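Novice: Chain by chain, the residues:
Number of protein chains: 2
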Amino acid sequence: MSRRRTVSDIGEFGLIEGIKKLAEAHGSNAANARKGIIAGIGDDAAALNLKHIGDRVILFTTDTLAEGVHFRRGWMLPEEIGRKAVEANASDIAAMGGKPLYALVSLAAPSSLEKNVFDGIFRGIVFASEQYKTKIIGGNISRGKEIQITLTLIGAAKKDELCLRSGAKPGDFIFVSRPLGASAAGLGLFSRGIRGFEETKKKFRNPKADFSFSGRLLAAVTSMIDISDGLLGDLGHVCESSKAGATLFTGNIPIDPDALKAAHRLNHDPLDYALHSGEEYALLYTLPEQHLPLAKGFLIGEITRKKGIYLFNNGVRMAVKPKGFDHFLRGKHKGGCHGIVY
Amino acid sequence: MSRRRTVSDIGEFGLIEGIKKLAEAHGSNAANARKGIIAGIGDDAAALNLKHIGDRVILFTTDTLAEGVHFRRGWMLPEEIGRKAVEANASDIAAMGGKPLYALVSLAAPSSLEKNVFDGIFRGIVFASEQYKTKIIGGNISRGKEIQITLTLIGAAKKDELCLRSGAKPGDFIFVSRPLGASAAGLGLFSRGIRGFEETKKKFRNPKADFSFSGRLLAAVTSMIDISDGLLGDLGHVCESSKAGATLFTGNIPIDPDALKAAHRLNHDPLDYALHSGEEYALLYTLPEQHLPLAKGFLIGEITRKKGIYLFNNGVRMAVKPKGFDHFLRGKHKGGCHGIVY
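So the protein sequences, as listed, match chains A and B.
Sequential numbering from 1 applies to the first sequence in the numbering used here.
Sequential numbering from 1 applies to the second sequence in the numbering used here.
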């Protein structure tokens, strides 16, 4: 059996040439499919004429997927890893009320990385970008001890549809766009090596950003964030930015049926998954009462003048720490309930 | 003696808060010092109104610095590492004929990273950005096995001053903006553990992008690239993009005096440093004869219709491979001269 080809058999510039061809061959990535590109992959910088953006607001976001932290090759196909890198970043654009337009892709990998793994990751990135009509305009490839994918997405939002974290007002209702918990439940299944539960695992492996909101809803929303650090963590970010607090009605928090099944098997509280599962990419948003008819998803609570986050269940109110996933504190200060208040 | 504080004592969100404060406290990074920022650090994405760009072209570039590949902590101070990350990216903007405006900073680091090293790297990034009046608008922090800094710079160039790699024409003269070789020579000194030669080492540790070109020169330039892969490698990129060849007059290639001194000590051919030293961030550009009065730097050769790169010295012409630094081929196919042609 012959040795599998690695990226070091192709070289940096051969790899870039391959990416360029793949990106140019695909639909919205085809040459000139996106307006305004003066120079794309293969120059020192990409050069764009952004006149077609008009008076829309330009959005920039960047997010890294690191091997061993955000994915393991044993759990996900290379193409899924690439797709997840795009979805994680697209979700940040969705959370601003915008649409992605262009992408820069940086990949660090060891020289020993198999060429077919490299190709798979890039196929995932190109295919997921294509689905969002997002054009890859440049990037960087370098050596590193582990695989790290850093995507930068450039998007745009209409001025009156831009959604920041900071606009939530006391009395606003809190919504989440879809049921939660499957990502953490899927991770739990993989971590414990449990067979089956393919639907739950699929939700962990193939997360999707949520671009389902209408312009009217986006215009009415007072604050928005995507759930990437966990419901409590991200609600904490909204509350901090908006200088407010929140009460969640525990019974109203929608739990993904696949998360429920897995939680039963794993002997884990499904509500804990729903409160802390990151990488859900559901949208968490606030809406004033007069715009309730526009709401999408599930009403889960209310913004309060009183600071802090409280869970309300069967007449019992409990203060919770808004801690979500923290890259460096993980396992040190675990978020969660820290006592009944009244 | 108490244990030194690490990033895991502060946590991801504490670190982001610290970066935000540092960035906002500094000159051009002070709040609203850059026009058009609707949302900066601390939301899902940065939101900008780019009306002040007018009809300029927008530039995007991204580059990664990885520990062990681009820097070693034993050789450079944390602040120098941060500065180098900015200069490497700024140089790509300079090579397009533009100026940087905004930056996104992604850092991956192990939990054990000392807080003062983290702070030093960010001070370097903030201070170097400030010098270019570039505002940090967002980024990402995640765990990783090694330190990796990925910067994305957003810049702008006047339409008629935009310089691509692809415009070189046969007959154009080839120029380099300043003497070469000190970066590779400095690296050689560090690698061999040689004391002294501080000036040479300083050039390796503190590379600088070159923004010294006037608008008139930029408008006259037919192609441009920054020397990050080595003179031959980057000239190769220009030739490939421009579908042309080049002849370099070996005697005209300016060698940095500090590279010369170090080469003597290291018993290394100084011309080899000048031809292959990456991370020089000097500008390599082509200029048609009628614009020679605008030229800056050193005339080192000519673009030819005949493909391939040739060195011309004392009546001898030698074909060279245009290979520069390749992250994955390094040490496998070494660039350089491969035979006398005539």
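Everything labelled a hint here was simulated from the structure, so no lab data went into it.
Errors might be hidden in some of the hints.
Subject to a maximum C-alpha distance of 25 Å in a straight line, what follows is the list of computed DMTMM-like cross-link-like pairs (lysine to aspartate or glutamate) [to be verified]:
{"#": "1", "chain 1": "A", "residue 1": "Lys-145", "chain 2": "B", "residue 2": "Glu-146"}
{"#": "2", "chain 1": "B", "residue 1": "Lys-51", "chain 2": "A", "residue 2": "Glu-161"}
{"#": "3", "chain 1": "B", "residue 1": "Lys-99", "chain 2": "A", "residue 2": "Glu-161"}
{"#": "4", "chain 1": "A", "residue 1": "Lys-51", "chain 2": "B", "residue 2": "Asp-55"}
{"#": "5", "chain 1": "A", "residue 1": "Lys-321", "chain 2": "B", "residue 2": "Asp-9"}
{"#": "6", "chain 1": "B", "residue 1": "Lys-321", "chain 2": "A", "residue 2": "Asp-55"}
{"#": "7", "chain 1": "A", "residue 1": "Lys-145", "chain 2": "B", "residue 2": "Glu-161"}
{"#": "8", "chain 1": "A", "residue 1": "Lys-35", "chain 2": "B", "residue 2": "Glu-146"}
Note that the coordinates shown come from a computational prediction; the quantities given were computed from them, not determined experimentally.
Novice: Each hint needs a verdict: does it hold in this structure or not?
Specialist: Hint by hint, here is what the structure shows:
no., hint, verdict
1, Lys-145(A) to Glu-146(B), "holds (7 Å)"
2, Lys-51(B) to Glu-161(A), "holds (18 Å)"
3, Lys-99(B) to Glu-161(A), "violated (30 Å)"
4, Lys-51(A) to Asp-55(B), "holds (8 Å)"
5, Lys-321(A) to Asp-9(B), "holds (18 Å)"
6, Lys-321(B) to Asp-55(A), "violated (48 Å)"
7, Lys-145(A) to Glu-161(B), "violated (39 Å)"
8, Lys-35(A) to Glu-146(B), "violated (38 Å)"
Violated hints, in rising order: 3, 6, 7, 8; the structure is consistent with all others.
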